[in-house]
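The lines below spell out each chain.
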Amino acid sequence: MKPWKIATVLGLVVFALIVLVPFWWIATMSFKTYEQIQFAQSIYVPRPFTWENYTGLWLETRFPIWFRNSVVTAMVVTIITTVIACLSGYAVARLRFPGREAIATLILVLYLVPPALLFIPLYRVLAELGATNSLMALFLSYPTFTVPFCTWLLIGFFKALPTELEEAALVDGATRPQALVRVLLPLAAPGIVASAIFAFTLSWNEFLYALIFITDETATTVPVGLNLLIYGDVFHWGQLMAASVITTVPVVALYMFIHRWMVEGLAAGAVKG
Amino acid sequence: MLSRADAGGRIEASRRHPRRGDTGTAILLLLPLLVLVVGLIVYPIYRAVWLSFTDKLVGYPERFVGLRNYIYLANDDAFHTVVRNSLVFTVSSVALKIVTGLAMALVLHATWRWRNFFRGLMLLPWITSTVIIALTWRWMFDSFPGRGFFNSVLLDLGLLSRPVAFMATPEGAMLAVVIANWWRGFPFFGVSYLAGMQSIPGELYEAASVDGAGSWRRFWHVTLPGLKHIIIVTTLLTFIFTINDFNIIYVMTRGGPGTATQVFATYSYEVAFNQLRWGRGVTISIFAVPLLIAGIALVSRYLLRERTA
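Sequence lines, in order, name chains A and B. Here the first sequence is numbered in this note's numbering, starting from 1 and rising by one per residue. Here the second sequence is numbered in this note's numbering, starting from 1 and rising by one per residue.
Hints are computed from structural coordinates only; laboratory data are not their basis. We put the CB at the ideal spot given by N, CA and C, even for glycine.
Here chain B is said to cover these stretches of chain A; the calculated rule only asks that three of the stretch's residues, wherever they fall, bring their Cβ under 8 Å from a Cβ of chain B:
1) 7-21
2) 38-47
3) 96-102
4) 114-122
5) 139-151
6) 199-208
7) 239-248
One side of the interface only, derived from the structure: several residues of chain A facing chain B at Cβ under 8 Å:
8) Arg176
9) Ile212
10) Asn227
Generate the whole structure from the sequences, applying the supplied hints.
Structural data, given as structure tokens:
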């Protein structure tokens, strides 16, 4: 083998190890018994192998409630985000109106505004609306970061579609909304699905707003719940690891589905989180 | 031929002269976005600025105090530490990400089989929840063998004689949060640089080879200049998000030990929600805004060129 091939293989092995070792460590711990973790027995592979952390997590903790809350929140936010982002992405990409560039700039700037700047005043606004301590707080606050991001992505997708089809529909007497719904949306479907999955993932992973806006332990989402598990009185290490695995799997599954679009959309600046 | 050119001309004309209905439709379509933006982003930002001029304590009415919060923080030693920590955390994570990102892109670029598979594999940290990444690295560095990866493995290999509490020292804690943040972010850099490398025309490399440039000089004079744009954009974006990072530090160290890893966002949270001083808490976030505006202005220049051109 040529030297550069050996170097490449070596590089791949190193990077694969860097990425996989932490995942592997968490995954193996989720299948170890309490004793194995506590007394550092059979550290490399779970022996004996056990599902007790998973069953315990599901039966003894509030994880099922947090999981349900996370699913509901991510789905509601994804729907709200997709509708708003499609409408405004289309308007900015395809319509000619004064202030179009200003709106595009605004969307980008809003995407870059960090939640760390917003969390205190947003808490007050939500409290005044009576929306804190329920999932409604998350339905209202998550779109503040998903909508700018997804709109930004969709502007790119809509721009990339050929204008001729839409022009033809308009010439044939369709109105703008008809052209959008019947011609453009079906063409942009892959982009819309990708943006919806991004919205879902961002909501699924969000921590700061959920931590602050919801204090009731039964009304919160998985990321905050995981932190509650750490500070519980009786702490089950394995259950926390099992919870991490369960939380990661849906996102990885979705991601495998859109891997190619995601990589293409990356250059658009999909770095938030 | 002629009719196609003609049709093209008409489309061009309709682009230049906006359809009369366009503005009305645009307002209608943008209405939900504008309601969201004004109600839940712009209005809260206005409230944040107002709060920073008050001494708002939870449970008490706010009183206007002018610049007192700003002056207090400017003279506060704890806050100076926070600014320094934020910069150390951000600059060292971003520098590490650039270097390893370049290495990862070079390796993937040279990969002749299963490139997409490896690219997907290496992106895994980037899609995983930050909270789970922070928890994971907390266990990796944990001082208990059996829970802590490094302690377990180093003890097992005989390289340590007793467990080390890696995150108990200020330097160790900072290193740990930097590593966690690096691990979550470098795949994004690598994949972006790979995309950049793939768009550099092969002729440039051939011309450089003909001129007698070795692989190092080709990297320095062809690859790096070709990646300039993408390196600038990824660095700026990551800088903006890292300087305001909350999740990794809150979950791994809560800003400790002491204030060794306290950064803008965690300190703001601490002051606002544990000390209940909202006015001062908000002011801490606002202090990062000038940096933020500079970053946003630069990044907009680069990204808007692509979207509105």
